[in-house]
Structures are given as structure tokens and as C-alpha cells.
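A.B. asks: Listed below, chain by chain, are the residues.
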Amino acid sequence: MNTGQRTNGTDTRPPPWRDVRVLRITVQVAFLAGVAALLWLLANNLVQNMQAQGMRTDFGFLGQAAGFPLAGADFSSRDSIWAALVVGLRNTLVVSAWGIVLATVLGVFVGIARLSSNWLVRKCAAAYVEALRNIPLIVFLLFLYLAILQQLPRINDAIDGGGFVFSNRGLYAPWFDVDDDSGLFLGFCAVAIVLSIVVVRWRTRRFNATGQPHHRIVWGAVTFGVVVGVAWLALGQPVSVTLPVLDGRTVSGGYELTVEHGALLLGLVLYMAAFVAEIVRGSILAVPKGQAEAANALGLSGAQRYRHVVLPQALRIAIPPAGNEFINLAKNSALGIAIAFPELLRVTRIAIGQGQPAPQLIGIMMLMYLAISLTLSLIVNVLNRRLGLRGV
Amino acid sequence: MSEIKVHSSEYRPPPPDRPPSGTRSPGVWVRQNLFNTWYNSLFTLILVPAIGYVVYRAIRFVLVTARWEIVEVNLTNLMVGTFPRSELWRPWAAVAILALVIGLGLGVTARANVEAARIRGIELTTSWQQNARRAAPALLLVAALVTFVRTATPLILLAATVVLAVAGYLVGRRIPPHRRRWMHLAVITGLLGSYVVVTQFDGVSLDRWGGLMLTVFLAIGGIAMAFPVGVLIALGRRSTLPAIRLVSVVYIELIRGMPLIALLFMGWLILPFMLPVGFPTPGRTWRVVIILLLFTAAYVAEIVRGGLQSIPRGQYEAAQALGLPPWKTMRLIILPQALRNVIPAMVGQFISLFKDTSLVLIVGLTDLLAVARRVTQQPEFLGQGLHAETLLFVSFIYWVGSYWMSRESQRLETRLGLGER
Chain A
1 MNTGQRTNGT DTRPPPWRDV RVLRITVQVA FLAGVAALLW LLANNLVQNM QAQGMRTDFG
61 FLGQAAGFPL AGADFSSRDS IWAALVVGLR NTLVVSAWGI VLATVLGVFV GIARLSSNWL
121 VRKCAAAYVE ALRNIPLIVF LLFLYLAILQ QLPRINDAID GGGFVFSNRG LYAPWFDVDD
181 DSGLFLGFCA VAIVLSIVVV RWRTRRFNAT GQPHHRIVWG AVTFGVVVGV AWLALGQPVS
241 VTLPVLDGRT VSGGYELTVE HGALLLGLVL YMAAFVAEIV RGSILAVPKG QAEAANALGL
301 SGAQRYRHVV LPQALRIAIP PAGNEFINLA KNSALGIAIA FPELLRVTRI AIGQGQPAPQ
361 LIGIMMLMYL AISLTLSLIV NVLNRRLGLR GV
Chain X
393 MSEIKVHSSE YRPPPPDRPP SGTRSPGVWV RQNLFNTWYN SLFTLILVPA IGYVVYRAIR
453 FVLVTARWEI VEVNLTNLMV GTFPRSELWR PWAAVAILAL VIGLGLGVTA RANVEAARIR
513 GIELTTSWQQ NARRAAPALL LVAALVTFVR TATPLILLAA TVVLAVAGYL VGRRIPPHRR
573 RWMHLAVITG LLGSYVVVTQ FDGVSLDRWG GLMLTVFLAI GGIAMAFPVG VLIALGRRST
633 LPAIRLVSVV YIELIRGMPL IALLFMGWLI LPFMLPVGFP TPGRTWRVVI ILLLFTAAYV
693 AEIVRGGLQS IPRGQYEAAQ ALGLPPWKTM RLIILPQALR NVIPAMVGQF ISLFKDTSLV
753 LIVGLTDLLA VARRVTQQPE FLGQGLHAET LLFVSFIYWV GSYWMSRESQ RLETRLGLGE
813 R
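In order, the protein sequence lines correspond to chains A and X.
Under our numbering, think of the first position of the first sequence as 1, with each following residue one higher.
Under our numbering, think of the first position of the second sequence as 393, with each following residue one higher.
In case anyone wonders, no lab produced these hints; they're calculated from the structure.
Where hints are given, some of them may not hold.
[Unchecked claim] Chain A regions said to be covered by chain X (calculated; three or more residues, Cβ under 8 Å):
{"id": "1", "segment": "47–55"}
{"id": "2", "segment": "107–120"}
{"id": "3", "segment": "190–200"}
{"id": "4", "segment": "277–284"}
{"id": "5", "segment": "292–301"}
For each residue, glycine too, the CB sits at the ideal point set by N, CA and C.
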């Protein structure tokens, strides 16, 4: 451009309709305007249609009494709709969190089992993964719920043994019985955790400095046990384990999981574990073979080779895809609606069924799911940055 | 790999190890694979009775205790839902067209694979055992359907369909490379034709479809419509114009951040409100199709983006050096390579969509799963807890479909030379 100006003294810039810079800006402005116009049109139609049908377009209804009860939650029909949504969100979060933890544990086991040197173990793990991965989650959930858990015996003749009670009304497991001093006791537990971390760090430092065996796990566990044990005795045994006791038609004590909750959690865990297992297997196989061979050459045992060489490297490879599966699990918890578990989607659905305006409710629900997904992907990204491979 | 230079006069490579002898006695195999360490022996001893018990219970259920008459009586319902029985010839015609087209497509791909391998100097041969293993899942499905069929007509039609598929495959294998571009057209025509033959000419509107037929339509229709949209969004995601890139990213992330089932609710309850006042509301099935399209397009876009990123810069530069304008570079050089690289991932997305179509049950469509749920409410089966039978049948259909497609996709992946390092 400058050279052109210098040689013949006139502006040789192309006319605006051929100038790339002008064109780029025009195209973008036109595109954004088009998108904005489309969105405005949709929103405008929405408001007009709602008014035409006499629906309210504000969010005032959130404070009204819900008018419906929610099973298995501390919620009555006089609480507000907003409170109902919060109950739904809490159920979604709880089931997702437990689901992620348990699916990871099970998935790692199955993934390692797929690489076992035992033919039978390998084939069993492969059968498990292939059977579950190729059917839809909703079919599996319905199967668990309708064909297994609901076919459990009625509460009168529930399966009762080993501290567990199974019936078609609920699943009961041993749990902690907490009395009034429990807040103080939980405080002591927190102190115990901090102390044991300090002890573990001290043992590690000592090991690094002197090379003497650290036994840091033993030291940490003993510290924790001593502090918690002393606190437990000193506070007059504030927490005890209770077993569920079946007495005629009622069960007292223990932890109660409704059949719906149990089916959703179990379904999510078993199903997603198959996907996690594939990631674990792929990540272990992706660790260069030389690493395992080097570990063998150093004389590490099979377990040591896994623990110190293969798994730490496989973990780094596994983080991004496993993060995706965790997000999927949280999203899949919405399938609780198929088996009447009051999670976010089902609560929204019930509220809409009670005549509350659908657009606002679905908008709120969408934002909540989006928030969950984005938070999870943020956590995965941070983890990946902290633990992931650098410079690759 | 760095070459190790060795003087040939001094270095003699050691003689290669003898291959292990092929005949190992079963005892040796058992010792090596089941009892090679103490913990493996323990696992084996625990697993054998456990597996035995589970297999015994499963076989006993399937062959003895299960009451399969609920599936036998309702087989037509499960296949087509409440589709008018007088018009059943239409789905059969559609199935025939699809069988022909799919056979044709597989035949053409098989020949293309053989030719591509020959260029690389590999002679692809397939033994009949391999072919049998490939066809096994499909045969299993046909066998299961045959055991549930109670009249002769469906059997004859099913046999005719299989014959058509095989004929299509054989024709496909004979099509020479220069005619191959017409095959895309044939496949698209076949897909459209199978839709037209059911809905047009005094046909049956989409909202009366049901059962497996609806499931297959949602899956194929969803991916076919989402594909062009997804490619466009992927191109937008890679655009040099920041505004277009931003809008594409926001779209992809929004869709991917929400559960499909929640989006289906939106399509069911809110989409009608977003159309102009007085505009006729599209039928329930079309609303689901629109949502499946919007949802799948975001995932297709991410897959295609991966394919676009896998194309080396040199390809762009070479195209520029040849004087191709950007859109021609994309259309003639980049996209063909990128799309070929993502075929396995696209098959994976299709499988996932096939499974996800079962969610439409929640928004009131009568797909395969919905029919299976409803038949247990029939007066003669009500309250008898026959969920295991119906749900197992549905799972089996989904399982065969997904497993077969993922197997074929893995094959394709190795044939394309992807995943090789």
C-alpha cells in the first residue's frame, strides 16, 4: 500500500467493496446483526405467544407455595417453588458427586481388570464393559428400577442380613447415629485430618533428608485414629454406628435410600464405570512400553510398577477424557425423571405440570445445568493444568 | 528412529527366535492364563462358581421362566407402534430400499478398501470365518426376531430383505471406481425414498410412526440433517473472523453443557412458543427431530473441527501456491481429507445418537422403549411384572445395533490406517 502511494502519489487503496479489511468488518457486523435479530425475533415471539395465552412473563411465581410434595426430602407443599428447585438441584448434585466418586473407583478396577494376566478376569471385565456401553442408559436404569429393585420383596418380608435391609420400599445400610455434641466432634475430626497431614509431611521431609523408611501412611492413620478416638471417648461417644432394624412394617436406624435414589445412583455408577474403565485401559496402554520395561529392569514388583511408574503417567493421560465422562454423568443424572427421582429436571417438570410457566422454569433449569457443567469442566481444566503433561 | 551403524563385517545379527509352537496342551494354557500367580489362582477359584451361577440363572430365565409371549404378541407394536396396520406395506418397502442401499454402500466401501490397500501394496483377503464373525450380530438379531414371529408373511419378507441386502452388496462390489461418485447420490436418494414411500402418496404422517421404525428414523434423520449444519459450525469455529468464531463457540458450549433430555423438554414445551403468533405448530416428532439436529450438530462440529485441525498446514499452503481461493481450498483440498479422517468418530456419534433416541420416551413419543413400557400395561399383562422380558428385548436390539456398528467402525479405522502410531 505504502509503496503504491510513493510511486504514483495517489491513493491506490482498492475501493471499499473490494478492500479485505472493510469486507471483514462488514461481514462480521452483518453476521452479528443477523444472529441478534434471530434471537430478538425468537424472544419477541415467545413473549407475544405467552401473553396471547394469558401466561405470566415475570418470575414472581417462584415465591408462591409449590402445592406439591417431594418424596424423600425435607419439603412440604407449602414451601415455595424456588425451594423445590433448590431441593432438585441438591439431589442432582448429591447423586452426581457420589456417582462420580463411585464410578471412578469401580471404573479403575474394571479398567485394570481388562488388562489382567488372568484370562477369566480379562474376559469378565470385557463382557461387563461391552454389555453396558452398547445399551442406552435409560434402558438400563428402567431395567434396574422396574425389573430388579421394584421386584424386591415387600417390607414385611424384606431381605434382612449383614446389617443391610433390602425391600421394594427402600434400601437400608448401617450408618452413623449422631447426637447433639456431633458439631464439636466433627471439629475434632477436622483437626485430626489436619494433624495427620502435618505428620505425613514431616515423615516425608525426614525421609527426603535422611533416607530412613517413612511409613507415612501408618503414621498418618495412627495420628488420625488417636485424635478421633480420644475425642470420641472424651465427648461421651457422640457418634455410634446403628444398624437398620426391621420391625414389622417399619425400619428404624441406619441410612435409608429410597428405591428411586438407589436405582439412579446404582445405574449411573455401573453404567459410567464402563466408560471410565475404557478410559483407564486406554490410558494405561498409552503409557510408553519402555516405562514398564524400565521399571522391570529396576527390579520393581508388579504392584510397585503400577503404583509408581504406570498409573501416575496414565492418570495424566486420563484426566481430560475422564473429565468429559464426569460431566456426562452429571448431565445423565437428569434421567432420574424416568424413574421418578426428584432431581432438577423432574422437579421442574412437576412444577410445569402444576400450571407454572414453562419458559421461565426451563430457563432456570438450563442455567443450573449449564452452571454444573461449566464448573466441572473448570475443575477438570485446573486439574489438567496442575497435573497434566507440560510442553506436549 | 535413529539408525545404528554397524560394520557389516563385524556384526552378524543373531538368528531369530523360533516361533512358539502352535500346539499348546490345554493344561499348559490353563496354568499360564488362569493359575500363573497365587492371586490369579484365587481370582479364578472365586470367579468360576460366580460366573457359573450367573450364567445358569441367565439361561434359566431366558429359556424357562421368562414369559416371552408378551414380546410375541406385541412384536408388530414394538416394530412400528401405532402405525396403521393397513399401511404396513410402506415400512416394508422402506426397509427393502434401506437394505438395498446399505448393502450397496457396504459393497462399494469394501471394494474401495481393497483397492486402497492394493495401492499400498497390501492384498486384503477375508476368510469366510472373518465374514461370519462380522455378520454374526446381525444374524443374531434376525434369529431373535424369527423366533418371535408367529406368521409366515413377515418371515418371507424378512428373507427377501436379506436377499436384497446381499444383492446390493454384490452389485456394490462390481461398481468401478469412476462410477463411484454416483453412489453418494444413490444412498441419499435411497434414504429420502424410504422416507417418501412411507409418508407421501396418501402415506402416514410422522406423528403416527412408532416403535423401532421411529427409533431408526430419528437416528438416521438426525445425523443426516445434523451433518451439514455441524460442518458449517465447525468451519465457523475455525473462521478467521472473530465474531463468527465467537458465535460458533458459544453455540457449541451451550449445547454441550446441557443434558439432551433437558433440551428435548425445551423443544417440547417452549419451541412452539418461539414461532410467530398464529404459525402452525410443527408436530411433536418434528420438534424432537429439530432438537436432535441442533444437539447433534454441536457434537458433529467438534468432531469435524478435530478433523480440520489434523490437516497439516502444508496442505493449505500448497493450495494457495496453486492459486486456489479460500473456499475452493476448503472444498477441494481440506474438507475431503478432514472428513475422511473423522469417519470413525462420526460413526461413534451416530451410535451415541442411536442410543440417545430412547430419551424421546420422556417427551411422549412412542419409540421402541416407549412401546416396551406400554405393553406391560395391557390388560392381559397388567401387574405381572413382565418388565424384564420387554426391557431385555429392547436392550438386545440396541445392543446388537450399537455393537455391530462399533465393530464395523473399528474395522474401518484400521483400514483407514488411523490410530496407527
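A.B. asks: Compare the structure with each hint and give your call.
C.D. replies: Do the hints match the structure? See the list:
| no. | hint | verdict |
| --- | --- | --- |
| 1 | 47–55 | holds (count 4) |
| 2 | 107–120 | holds (count 5) |
| 3 | 190–200 | violated (count 0) |
| 4 | 277–284 | violated (count 0) |
| 5 | 292–301 | violated (count 0) |
Hints 3, 4 and 5 from the earlier list are contradicted by this structure; the remaining hints agree with it.
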